[in-house]
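Enquirer: Numbering (our numbering), first residue to last: 19 to 300.
In short, the hints are calculated from the structure, not lab data.
Keep in mind that this is a model prediction, so the values were computed, not measured.
You may find that some hints are simply not true.
Said to hold, decoys possible - Below, simulated BS3-like cross-link-like pairs (lysine-lysine); rule was C-alpha separation at most 30 Å, straight line:
1. 79 x 41
2. 37 x 54
3. 31 x 150
4. 169 x 271
Claimed, not checked - Pairwise CB distance ranges, derived in the manner of DEER restraints:
5. 48 x 96: 20 to 30 Å
6. 121 x 73: 37 to 47 Å
7. 95 x 273: 33 to 43 Å
8. 68 x 280: 21 to 31 Å
9. 58 x 33: 35 to 45 Å
10. 221 x 296: 32 to 42 Å
11. 287 x 150: 17 to 27 Å
12. 178 x 283: 21 to 31 Å
13. 71 x 97: 31 to 41 Å
In this text, a Cβ means the ideal position worked out from N, Cα and C, and glycines have one as well.
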Amino acid sequence: MIDELERFILVSKEGNITKAAEKIFITQSALSQSIKRLETELGTELFTQRGKQLRLTPDGKAVITIGSKIVQLWQNMKNPNVRESAYQTYSIGLFDNAALYLGKYFQDTIVSGRFSIDLTINASGELFSQLKWGMIDLAICVTDKRAQLPKSIICIETFSEELIPVSSPKHSGDINTIPFIFYNRSSNTRHQVDETFSKNALIPTVFAESTSTTFMKELAILGSGVALLPKNFVASELSQGILKKQKLPFVVKREYGMYIHDQSALAKDDVIIKAICRVLRK
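Using the sequences and the hints given, assemble the complete structure.
Expert: So this is what it looks like as structure tokens:
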């Protein structure tokens, strides 16, 4: 099924059976049959077709993510140099600010050679999906308080960090009218922020939404509004007077957690788990 996976991934990139078939020098019929065999093996439909264009189904998107990892591992397994040097590698997924907190720890760990670590920095929702699918051993991501934790996922520990309201030093205004720069509406962080504002009976004026904390910070520096950002991410700008902390009548915090799969290569009592917890508790 490796060939079928590789062909399916190629078709998804091209969005067209004809173009994909030309690239690997087989007929359209042979390529279609290859994908059909994969669908039969998995027991699900991977594509829907609109005219000449193919669109991935939700299952198809999941198979692309998982299948790409399988193909990569297969290539590594065929490489004799990789086989000779292979030893335990832990795959760890982090949301952006957790990566900043843990950057020095992972750098020291990798240099020391105590562990082999494969790091992924991504949105919390994507990381949690990868953990559920068994693609990573450990996920540190912002808590999704809208969803129940699957039975296969173990929460090691939860942490909390304050989101500081920052703006240009020249910016001022009443909390009921000042424009806010928020995380994207679909994000776990945004859901927690919205809950905090709702509990305090305040409907914020939203100027912009983004998945990029760097972009949010730049907008705040330009005077576009007040951004809610982690303290460690804006500490330098605050100390230099590039940004100033605004006063809100309440504190905005977000919760994030460390999660493993019950089939993960890592267990909650492993040394690396305990070390990461110590860093995040500081």
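Enquirer: All hints are to be evaluated individually against the structure, with a verdict given for each.
Expert: Now the hints, each set against the structure:
Distance check on the hinted pair: residue 79 and residue 41 sit about 22 Å apart at the alpha-carbon level, within 30 Å; holds. The hinted pair formed by residue 37 and residue 54 meets the criterion: a straight-line CA distance of about 18 Å does not exceed 30 Å. At most 30 Å may separate the alpha-carbon atoms for a hinted pair to count; residue 31 and residue 150 meet this at roughly 24 Å. Distance hint between residue 169 and residue 271 is fulfilled; the C-alpha atoms sit about 27 Å from each other, no more than 30 Å.
At about 23 Å, the beta-carbon gap between residue 48 and residue 96 stays in the expected band of 20 to 30 Å. The hint said 37 to 47 Å for the Cβ distance between residue 121 and residue 73, and at roughly 38 Å that hint holds. A C-beta distance of roughly 39 Å is found between residue 95 and residue 273, which places it inside the suggested range of 33 to 43 Å. Distance hint check: the CB atoms of residue 68 and residue 280 are about 39 Å apart, inconsistent with the given range 21 to 31 Å.
Separation of residue 58 from residue 33 is about 22 Å and departs from the stated range, judged on CB atoms against 35 to 45 Å. The hint said 32 to 42 Å for the Cβ distance between residue 221 and residue 296, and at roughly 40 Å that hint holds. For the hinted restraint 17 to 27 Å between residue 287 and residue 150, the CB-CB distance of approximately 22 Å keeps it satisfied. Checked against the given bound of 21 to 31 Å, the beta carbons of residue 178 and residue 283, roughly 28 Å apart, stay inside it.
The beta-carbon spacing between residue 71 and residue 97, approximately 36 Å, falls within the hinted interval of 31 to 41 Å.
Going down the numbered hints, you'll see the structure goes against 8, 9, while the others check out.
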